[in-house]
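The whole structure should be built from the sequences, with the hints applied where relevant.
Chains S and W supply the protein sequences, listed in that same order.
For the first sequence, the residue numbers in this note's numbering are 1 to 708.
For the second sequence, the residue numbers in this note's numbering are 1 to 158.
Do not rely on the hints blindly, as some may be mistaken.
Straight line, CA to CA, 25 Å or less: simulated SDA-like cross-link-like pairs of lysine to any residue [unchecked claim]:
#	chain 1	residue 1	chain 2	residue 2
1	S	K588	W	R127
2	S	K588	W	D94
3	W	K17	S	S27
4	W	K17	S	E104
5	W	K83	S	V10
6	W	K3	S	D101
7	W	K17	S	V10
Simulated restraints on C-beta separations [unchecked claim]:
#	chain 1	residue 1	chain 2	residue 2	range
8	W	N72	S	A628	40 to 46 Å
9	S	S27	W	H56	25 to 31 Å
10	W	S81	S	R460	27 to 33 Å
11	S	M704	W	A12	56 to 62 Å
12	S	R449	W	K17	48 to 54 Å
Read the hints as simulated data drawn from the structure, not as lab findings.
Ideal Cβ positions, reconstructed from N, Cα and C, are used throughout, including at glycine.
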Amino acid sequence: MPFSIDEDRVDTIGKCSGTTRYVGDLSFDNMLEAVTVRSRIRRGKIKNISLPDMPDGYFCVDASDIPHQNQVTYFQDPCPYFAESEVKYIAQPIMLIVGPDLREVRRLAQEVQIDYEEIPAIHTLDEALEGTKPPLHNDDNVYFKEDFSYGDIDGAFAESDEIFETQTRTGYQEHLYLETQGVVAVPETGKMTVYASTQGPHAMRNALVGAFGCDEKYFRIKQMPLGGGFGGKIESPFFLAGHAAFAARKCKQPVRLIYSREEDLLATTKRHPSRVVIRSALDAKGNILGMDIDVVFQAGGYALSCRMVLDTGLKKATGVYHFPAARVLGRAVATNNPMAGAYRGFGGPQTFFAIETHMNALARKFKKDPLQFKADYFIKQGTNTLTGGKYHFHVALPETIKEATRLADYERRKKMQEQHGPILRGLGQALFNFGAPFSLSTNHPLPDRYMGLLKRKDGRVEILSELVDMGQGLHTALRKIVARALKIPMERIIYNDADTDRVPEASITGASMSVVLFGRVLKDAADKLKPRLEEPGEFRVLEKIKQPDHLQWDPEKQQGDPFHSYVWGTVIAQVEVNTLTWQVTARKIWTALDVGTPIDRRIIKGQIEGGIIQGLGYSLLESMPMDAMPTSLADYIIPTSLDAPPVESALIANPYPPGPYGAKCVGEPPLIGVGPAIVDAVANACGIELFQLPVSPEYLMQKMANKS
Amino acid sequence: MTKLTSFILNGASVSTKAALDLRLVDVLRCEFNLIGTKEGCGEGECGACMILLDGHPALSCLMLVGAAKDRNILTIEGLRSTKGFAVLSQAFNDAGAVQCGFCTPGMIMTTYALLRDNPSPDDAAIRAAMAGNLCRCTGYSMIVEAVSLAVQRRGETW
Chain S
1 MPFSIDEDRV
11 DTIGKCSGTT
21 RYVGDLSFDN
31 MLEAVTVRSR
41 IRRGKIKNIS
51 LPDMPDGYFC
61 VDASDIPHQN
71 QVTYFQDPCP
81 YFAESEVKYI
91 AQPIMLIVGP
101 DLREVRRLAQ
111 EVQIDYEEIP
121 AIHTLDEALE
131 GTKPPLHNDD
141 NVYFKEDFSY
151 GDIDGAFAES
161 DEIFETQTRT
171 GYQEHLYLET
181 QGVVAVPETG
191 KMTVYASTQG
201 PHAMRNALVG
211 AFGCDEKYFR
221 IKQMPLGGGF
231 GGKIESPFFL
241 AGHAAFAARK
251 CKQPVRLIYS
261 REEDLLATTK
271 RHPSRVVIRS
281 ALDAKGNILG
291 MDIDVVFQAG
301 GYALSCRMVL
311 DTGLKKATGV
321 YHFPAARVLG
331 RAVATNNPMA
341 GAYRGFGGPQ
351 TFFAIETHMN
361 ALARKFKKDP
371 LQFKADYFIK
381 QGTNTLTGGK
391 YHFHVALPET
401 IKEATRLADY
411 ERRKKMQEQH
421 GPILRGLGQA
431 LFNFGAPFSL
441 STNHPLPDRY
451 MGLLKRKDGR
461 VEILSELVDM
471 GQGLHTALRK
481 IVARALKIPM
491 ERIIYNDADT
501 DRVPEASITG
511 ASMSVVLFGR
521 VLKDAADKLK
531 PRLEEPGEFR
541 VLEKIKQPDH
551 LQWDPEKQQG
561 DPFHSYVWGT
571 VIAQVEVNTL
581 TWQVTARKIW
591 TALDVGTPID
601 RRIIKGQIEG
611 GIIQGLGYSL
621 LESMPMDAMP
631 TSLADYIIPT
641 SLDAPPVESA
651 LIANPYPPGP
661 YGAKCVGEPP
671 LIGVGPAIVD
681 AVANACGIEL
691 FQLPVSPEYL
701 MQKMANKS
Chain W
1 MTKLTSFILN
11 GASVSTKAAL
21 DLRLVDVLRC
31 EFNLIGTKEG
41 CGEGECGACM
51 ILLDGHPALS
61 CLMLVGAAKD
71 RNILTIEGLR
81 STKGFAVLSQ
91 AFNDAGAVQC
101 GFCTPGMIMT
111 TYALLRDNPS
121 PDDAAIRAAM
131 AGNLCRCTGY
141 SMIVEAVSLA
151 VQRRGETW
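What follows is the structure, given as structure tokens:
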């Protein structure tokens, strides 16, 4: 059996004993503290700023302190580090207050008085589309629009006997990594080092170079251990790094910028809220002739990476199915809300909630078993993708269904969902796949980038890669792959946290691509190093990062393979609904996943269980009302140990030939199906259809009141 | 006149000149350099700053340093040289209970007090005891398994 031993992680003991230094644990001589002054309104023109009397040693930093350009150049669309004349979202950064004592800095920041001329703000995606408020972006508030289709969709609707329509909605989700965002910028002679909690060290360096207009050697990013990421430490850290670096440049002293939880909840990126309308054209027997899917993602005051998140979500919008015809239209719209961005699942949780909820509702409408009903449309090996590419490899979806239903004793349990006093019980399921990595760059050859191995004099081998272990266990997984290729013990493989002066630029860590894509690059490097392992001295073996050979993409027509590889999965959830409080409690969740060859089962279990419970929070608890953004963990509720049910999981071995030893990915997929499975379970328990996440007691009570 | 606040910290008598209205978590981290106590929320919701106050779990972000006067405070730095910590950290390792690690010192402080007071908690008791320590990475079950493992292995350790 390959990889039959679960390897211990090298970071565990330091994390248990509290010796691991996160960025907030760093301290430097003469270090100053910084606090961000933010817009308290959603939208308006800045008329006047008055600063309080600043004691000696305290000062402010704003757009005028940016050496080159007030733009976060990572993003395709404009986005400033500091607002200058106008603010476009609540909590937009306007300036920093910097000084030696954090309490005093906070007091001064509170006392900055900013006068605005307010402009009516766009609060929701509906308002953005209605156009009743002055537009925020172009005439229509649409940052980005895209569509895909196949088959004769208009013909399907013309022929249809019935049209079945659902509209699903999902809200914001905050990453809620336990370590809030933070950086320390330390000016040195002719150089500046930025210590950061980031998923993209080189991307951060490039962004700073863009703002400073300097040589890239000027900045060195040292990535500190991350107290969680989940996609939330890709975009927001650019702002922190820029702010702290502008301040450090101005005062020529180290500057530390650590967000409070209040600030982190309010100001950092979140999962895009969504509205998805699905219309199915049905024939007289209830067969689906075609499906029309209209997706709207709510972005914030600036676009950030909404193109990529929407694009990835759209390419997953038809789920695990192939219909005779389909059309998917997507729009990402501008609102005056905190900015949405990358988050575990990257558009997939929203579109899978929509398609699975639609399919489950259709099955109930026709009183059919949902798994049998869905099976008529399953993707198979060789089926075309939404974008005209192919599912090249074995589709293990049926195996995951078989295994998950066996684990859950699904058929028997389904019949046992009777009422007990005020408690209703329900069982639900959802099917999903997960294409990885995110898709936009598949249409071009990748830039010339490398990662590789350093054979050291002492015989140990260091992995030279900027990929970040944010807690998910990536460094252990990649060390394991390299050790196996080199046939040497794990202990001889070293993997340090990234330092942009030591390791080449490769990629941000995200999109579940690290093992499936870069694991293969490192394996290839190890295969080249193997015959040279006994050579004396120190040398590097670098390997070019490349896409797998089977990918085809026509950038002109936007046609071809949208993703490298697909994880397949089934999730089953059992819930109890208290008919007195309308609170939903998940009792147990079962899942079966095809992740290709498992590299480390203990690490994979951690990703599955963590992803499922994060998905459970999204499904039942985590809510951010658009008009009253929560700024406290007392208002934004994530699952505790008492909310989290046991999770039973199984892996299906379906090796993916281009992956390292057949591995695919596991970071994002476990979260994807949880929302629709929970909603299906509640729908079965209550005998109604539900179309919204989270399923709050208020929402459920309203639906049940309407039912009776 | 500077007021000194004296207390027992990890077994040693200490005193601090810190203003009485500073939070204990800041004094521990900044003055005593005990960085194993983390701040995850600053409002008593997440448990990352958990210490033992006279042996009982307490949130150091909600305590002012004046409240520590003459009390006995144990942080992860004081616990980590004990045999009990060795059992707990090995169990957390073996069960895969540590991912990003930011919640882990707080989790271990809570677990240590739980097992001292209840040598054989069942899963429900473990989950109830851990409910004040948030974790976003693991989904909790592997932490519950770690505590169960420690229950089996602890013997008479503490």
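Item to check | Hints violated by the structure (numbers, ascending) | outcome: 7
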